[in-house]
Amino acid sequence: MQKQMQGTATHNLMEYIKQRGIKGSAISTATGVSAGVLYPVMQGRRELRADEFLAICKFTGADPKEMYREE
Numbered sequence: 074m075q076k077q078m079q080g081t082a083t084h085n086l087m088e089y090i091k092q093r094g095i096k097g098s099a100i101s102t103a104t105g106v107s108a109g110v111l112y113p114v115m116q117g118r119r120e121l122r123a124d125e126f127l128a129i130c131k132f133t134g135a136d137p138k139e140m141y142r143e144e
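The working numbering puts the first residue of the sequence shown at 74, with every later residue one more than the last.
No lab work stands behind these hints: they were computed from the structure. Some hints here could point you the wrong way.
Only pairs whose alpha carbons sit at most 30 Å apart, straight line, appear in this in silico DSBU-like list of lysine-lysine [to be verified]:
#1 LYS131 <-> LYS91
#2 LYS131 <-> LYS96
#3 LYS138 <-> LYS96
#4 LYS138 <-> LYS91
Here are the computed distance ranges between Cβ atoms for each label pair [unchecked claim]:
#5 GLY94 <-> LYS131: 17 to 23 Å
#6 GLY109 <-> THR133: 17 to 23 Å
#7 GLY134 <-> THR81: 15 to 21 Å
Just so you know, even glycine gets a beta-carbon here, dropped at the ideal spot from N, CA and C.
Please put together the full structure from these sequences, using the hints given.
Shown next, in the form of structure tokens:
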């Protein structure tokens with residue numbers, strides 16, 4: 074079992090993306106967050122930096138404040 078390395082906001086944003094079927098390649102192209110950064114994030118092995126997080130939220134339409142909420 075792989076240890077989860079993400080905080081709540083990154084984890085919630087990745088779930089938001091998965092639920093909506095948004096492709097990593099589309100996120101990478103639109104935001105400038107490289108695939109080499111994005112894919113470890115999507116696999117739960119890396120945390121997003123603030124600028125990456127906000128760029129992805131803007132592209133996907135996710136509310137950054139909502140991503141910080143615990144379920």
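Give me the numbers of the hints this structure contradicts, sorted from smallest to largest. Of the numbered hints, all hold.
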